[in-house]
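Peer 1: Given chain A, put chains B, C and D in place with the hints provided.
Protein chains: 4
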Amino acid sequence: MSYRFQKLYEEKVFKDPVHRYIHVRDQVIWDLIGTKEFQRLRRIKQLGTTYLTFHGAEHSRFTHSLGVYEIIRRMVDDVFSGRPEWNDDDRLLALCAGLLHDVGHGPFSHTFEKIFNLDHEELTREIIEGSTEINEILRKVGDDFPKKVSEVIEKTSVNKLVTSMISSQIDADRMDYLLRDAYYTGVSYGNFDMERILRIMRPRPDGVVIKQSGMHAVEHYLISRFQMYWQVYFHPVSRSAEAILQKILQRAKYLHETGYHFNYVPVHFGHLFEGKVDLDEYIKLDESVLLYYFQVWKEESDQILSDLCQRFLNRKLFQYVDFDTQKHTEKFAELKELFLEIEIDPEYYLVIDTISDEAYDYFRYGEEGGKKPILLLQTNGDLKEISRKSELVDGITGKKLFDSKLYFPHDLIYNNPDEKKKKVIEMIEEIAGAKRR
Amino acid sequence: MSYRFQKLYEEKVFKDPVHRYIHVRDQVIWDLIGTKEFQRLRRIKQLGTTYLTFHGAEHSRFTHSLGVYEIIRRMVDDVFSGRPEWNDDDRLLALCAGLLHDVGHGPFSHTFEKIFNLDHEELTREIIEGSTEINEILRKVGDDFPKKVSEVIEKTSVNKLVTSMISSQIDADRMDYLLRDAYYTGVSYGNFDMERILRIMRPRPDGVVIKQSGMHAVEHYLISRFQMYWQVYFHPVSRSAEAILQKILQRAKYLHETGYHFNYVPVHFGHLFEGKVDLDEYIKLDESVLLYYFQVWKEESDQILSDLCQRFLNRKLFQYVDFDTQKHTEKFAELKELFLEIEIDPEYYLVIDTISDEAYDYFRYGEEGGKKPILLLQTNGDLKEISRKSELVDGITGKKLFDSKLYFPHDLIYNNPDEKKKKVIEMIEEIAGAKRR
Amino acid sequence: MSYRFQKLYEEKVFKDPVHRYIHVRDQVIWDLIGTKEFQRLRRIKQLGTTYLTFHGAEHSRFTHSLGVYEIIRRMVDDVFSGRPEWNDDDRLLALCAGLLHDVGHGPFSHTFEKIFNLDHEELTREIIEGSTEINEILRKVGDDFPKKVSEVIEKTSVNKLVTSMISSQIDADRMDYLLRDAYYTGVSYGNFDMERILRIMRPRPDGVVIKQSGMHAVEHYLISRFQMYWQVYFHPVSRSAEAILQKILQRAKYLHETGYHFNYVPVHFGHLFEGKVDLDEYIKLDESVLLYYFQVWKEESDQILSDLCQRFLNRKLFQYVDFDTQKHTEKFAELKELFLEIEIDPEYYLVIDTISDEAYDYFRYGEEGGKKPILLLQTNGDLKEISRKSELVDGITGKKLFDSKLYFPHDLIYNNPDEKKKKVIEMIEEIAGAKRR
Amino acid sequence: MSYRFQKLYEEKVFKDPVHRYIHVRDQVIWDLIGTKEFQRLRRIKQLGTTYLTFHGAEHSRFTHSLGVYEIIRRMVDDVFSGRPEWNDDDRLLALCAGLLHDVGHGPFSHTFEKIFNLDHEELTREIIEGSTEINEILRKVGDDFPKKVSEVIEKTSVNKLVTSMISSQIDADRMDYLLRDAYYTGVSYGNFDMERILRIMRPRPDGVVIKQSGMHAVEHYLISRFQMYWQVYFHPVSRSAEAILQKILQRAKYLHETGYHFNYVPVHFGHLFEGKVDLDEYIKLDESVLLYYFQVWKEESDQILSDLCQRFLNRKLFQYVDFDTQKHTEKFAELKELFLEIEIDPEYYLVIDTISDEAYDYFRYGEEGGKKPILLLQTNGDLKEISRKSELVDGITGKKLFDSKLYFPHDLIYNNPDEKKKKVIEMIEEIAGAKRR
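Protein chains in written order, with full-length UniProt numbering: chain A, 1 to 437; chain B, 1 to 437; chain C, 1 to 437; chain D, 1 to 437.
Covered stretches of chain A (chain C as the covering partner; in silico rule of three or more C-beta atoms under 8 Å from a C-beta of chain C):
1. 187-196
2. 226-232
Derived lysine-lysine pairs resembling DSS-like cross-links, with alpha carbons at most 25 Å apart:
3. C:Lys389 to A:Lys399
4. D:Lys327 to B:Lys384
5. C:Lys12 to B:Lys211
6. A:Lys389 to C:Lys327
7. D:Lys298 to D:Lys253
8. D:Lys36 to C:Lys316
9. D:Lys12 to A:Lys384
10. C:Lys389 to B:Lys12
11. B:Lys316 to A:Lys36
12. A:Lys389 to C:Lys399
13. C:Lys298 to D:Lys276
14. D:Lys400 to B:Lys211
15. B:Lys316 to B:Lys114
16. A:Lys400 to C:Lys399
17. C:Lys400 to A:Lys384
18. A:Lys140 to A:Lys7
Bear in mind the hints are in silico, worked out from the structure with no lab data behind them.
Even glycine gets a Cβ: it sits at the ideal position worked out from N, Cα and C.
Bound conformation, chain A alone (with noise of 0.2 Å):
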């Protein structure tokens, strides 16, 4: 039979505390999964630094793409299987393109991605289309599988309904982080009532829409996803270690284009302080080998950089007050003037974090550049966008979520301070005073 179809001899079953059990009956999943490349998402969190905040969020990009792939299972063998709308050749490239959706992620990918210019949906592309055990899987279904497979995750394929179950408002792949991430940071927020979602889903060619029967259940899944924003994803201890972790790298980085002389020579960043990005030495950089770096960096005699690392390592985080971006332009030239007095480096020591709108704007409607709308499928087969039937998602609809932080070192400033930093400490009153409500 053709490894395409070629199921395994036994269903493999993975107990999963989110979906009680994942499935894997096809060989080609099983053997997608034992690759090096997916092996490594276990050495990756899911959440980068919200472990910091939340403690219980310790889970990998390993977990969260089972997940995926299981949700879309559920969707093409207990859903849309049968439906004439549905094509059932493209279950596999959907089962695919959902377990390796995040295999280009880099160790706490998005700080990491921001300093070495790296972009995870083109790595993603290169683990997948490049020389590596996936593609060896992939190009064995056919020649050509890789790249439709990657097309997919890169939203470029004209498979438009495949893509939307894995990129869309509503997808597998944010129906899984969103109720994973409320399990393990133990939140109540993220629990809606997935299976409801996927029973009344329905394939279109232009992307899945919903049946109006379950717009309750999707209201309660967009507002899932706005409260995790604000009480997981956003939250400004999880920026503070983010910031460190940032500015650890980008010191690193500085340290080593101006030719300091590591005791540890971070072989392994490899070319990536050059800019450039060999596919073997970014498969073999996980969180395990960065936070190793950390500790041996935490010893070296550069003094910033070894501060950085143990703030990082023993989760000596920054403070932080409400930032006004428009009104403080000048307190914070201001600022940065004191904190150089007072001989801590404000390009290390005092960072502005802000977050932006637009993880919320994804169900606006109708506007230029605004993202496809939920439809909702009337019982006589006509679709309507979910905020004019939801009188809960009209509510929301256009919210903006923005906040921005200034980040600092209290230790450093406020332990017993002498005359200037009291005055640092004045400007940062001043700061958070006026943004008070």
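Peer 2: Relative to chain A, chains B, C and D alone:
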């Protein structure tokens, strides 16, 4: 106010998926959590290699330690406080011992301890009494306070009541790990009614006893424990990963001893290879460091070390068959010979793993050397051992937990076997078949 | 010791699926639970006819009343106790008012009250202040204690703080019913983090306020409430059952008034048919008595009464279409005529049911007659209305809940319709179609 | 299309708190649910008097019956369908038998059956085969179909496989009631992993067997069952309520037989008082009718009937002490005499209730008359009885469930006792004391 009684200005609350919230009011506890020795527990998994079987089980000893602390806190503040048998002076001792009971654990601790001949209880004592941040804080409570805490953890304390809260047959440690491991693996077995058990615990000079009215909740706890052992803790696949881990460390040690030239000198193992422990070095050793070494050793020229490391990282585990330690001694010797003939070193590729029965006879009663039984407090004040009152506990008392498996690299033997390998296969099948009932 | 402060020898614990345990320590509370007026609540369902839509929702007002008591108890004993703004003399008042707030409810209460022109709050007052077992117990606490309790329930008490604990926009009553109704129906919407909300409630002279840090938990609660209204409380199928119930009682009253000779004289309705309430009679009326009458009325010779009763008992409910109260006045008049022509009495078989918007504008803010807003306590002590701080609450503030449906007996009209019935069908389709968006 | 295979135009979905959703696709099932005989189960509680101990347990046999149907449906459609050992012609038979297995239950069934010498299995047969709405529907499937369904329920069917799905040691009936009763009472004991068990069930001609790999899930189920018996089903307080119930019915029957003139003639008991059953009358008898009679009998002049009814309605239950049926025969006779002396009729106020051991030896193995064991399917196809493989099951096999209690009206005896009553108290204490271990 004395440091011992100092309260935080505002209670700190940690969101916890198992206990919902963990409450910290005491300055001492807050300070202990902030030490580098305690934060290090974030980088040591609670269940070692179990995440390679149950992918959700990626939680750390950090979360478990907070959980044990919280259970102790509830015992003391919600149940014992105000009862004549409870001395509130012991409150902080109990809280600290609960929080710190696992602080000496190393990376993948059981295997690690075995290879390097370590004892995590001894190391816990050293971390508490040695020159550490933890010790500094505890000493501020009282000069003899560190010693008191470590004595409780080592079960040598004269305070039997506090000791029993942390280590007995139904203690805060076990209650937390059963609930937590069940939560993170996703199995339903470990889910007993802890709230009920806490409410019916009563302090007595020799240890905590349980009111008769709560017997069924305790039964449930004991059965949960029994089932978790078979289902999770003794899972043959996790033991396969442990076998490989053990062989990696054994090989690295051997190579070090025989003067092998490592590309990446394993400096972080410090004096461990010489059988000595340096506390500072030990504290720096965590699972990210180990995983880092596995990454670099994967590239070493020593084939055995390299192969074992890639097996662990990419989850290419050993296969297993049931093994009868008594019947198969000879066959095992023959099998070793056959392995040599096919040039697979049996020292590293043929592993017998035997699960001892200790885990289970913990509530066997009255026997020489038997552990202290669980006592039920009757309405008339008498104490009765639980197996005398409970048919269910009586039914399982004395049952032996025992399992022995033979691990081997299936891929190296079964893929396109030549004549010699076929002989190996035959022998393995013989061993497997003989055990089949 | 005075009865007010008398404690049970041993705390009584009720297993509760929503709050896990309900704890009773006070003799007064224990005695109140044992009264016949309180035990009667076991025979009145919390959600009336909802069990005909959500089959799991068979829980009684008894369980809800215990739940409200328990929430009040936790507020007082775990959160308010010891705070300067809380007077522990009010403890028993709050507990009793919480426990007894629903004690005046009749069977299928809203419908029942409507037909017989009753007011359950008035009846609650009479049960508390009249000659009942409950009154006897409360008077043992103090002569004016019954009056104090009923004033809190009627919201005429000078004690605004205690009143707000039981009836405000975020009170023990609402928190219990949302959680409980979600649990028993099985929907996931009502599941907010009550434990968190309790912890951040603070007593103030004018009512309970909420710490700013818990805003997201309150958002979650408000959204839960919003969703439970649409999903459960306003479900059109339950309203169909309610319409039939109403028509049964209306018909029985009419028959009584017009001198119809009942086979089973409805003596238990006592003076209700004459518009008078006798407290003793009222207390004997519960849902088992009503259901008994429906059983015997099913055998009555009056066709309308008999048919409606079998519809209710055997769940042969009315069908419905959306109805526009403004547009369809004329059509409705015509439809009534058509009903008469096919010899179906529109007085009993054609029902418009309109859901008012009251349920939702409860957190509209600052308007004339608007209810008291939810106030957030800032770190500096200021109070801010929640919709000014929360984008989410702001988004739904002022949204109207409104729904109107037309109910009719589908079976009598659509099965083998003759020409006249076809006209009725046409008219119904017209009404339905006109509303379709 | 033949009625047997007719599908609903759209699947109907019931929200269920235990199984999340119950799915109905078959017209036959939908029609059966709509019959008056099935709807009647809404007015019969699943756990009889248990709600007087666990207030949450107010759920009806209606919800349980739907649950059993759903489990059978999942077995058939998700697990058995397509396997050679399963004949899909049996699908509808299994679904109908599952749905209808409890349809003959009377109000508070066990007590009711005992007093009136009824057999609910016999009554179930009559309802299925007699002149009922249910029978009418089943006959449309086939003339012999009603008989086939009732034979499965009565365990006289030649179809052993389908029979075992509904009644065996691990069947849909037990699985639903354990999960459901645990959910509604709120106890945690009954919570096993049904999804897992379903997945590993395999059809065999003689009944369902279980794959060896799922042994631990079955262990968990058996232990759950064991604990639910002790914790819920045999709870002494529920048995007190049952004792009163029994005595009410016994007294009413006695009064009827001795020509007592009832104020409200209990016509609804019809011929039951004469030991005859009329199916039409029986179907009208439900718990609301019984509770109605208790309300009116409370007002009867017969003191015993009146007192017992108010006890049941107002939950003034009997107290109890342990009773040794062998040791205390004489004491019991004496106690009866003493009761007569204090003018309390021991026939109604002194009740011995003994719990037999049947519930538990269900998995005793191989003994004469022993029930069919649970069989585990080995990988080589062999079947092994579970207690031979499981230490846990072996440990509890053969354990006896046995409990005997003496019930009496504490209030009538202990409140201000005179000399004679003191003697009664003495005797009760003696019996109680003798049993104390």
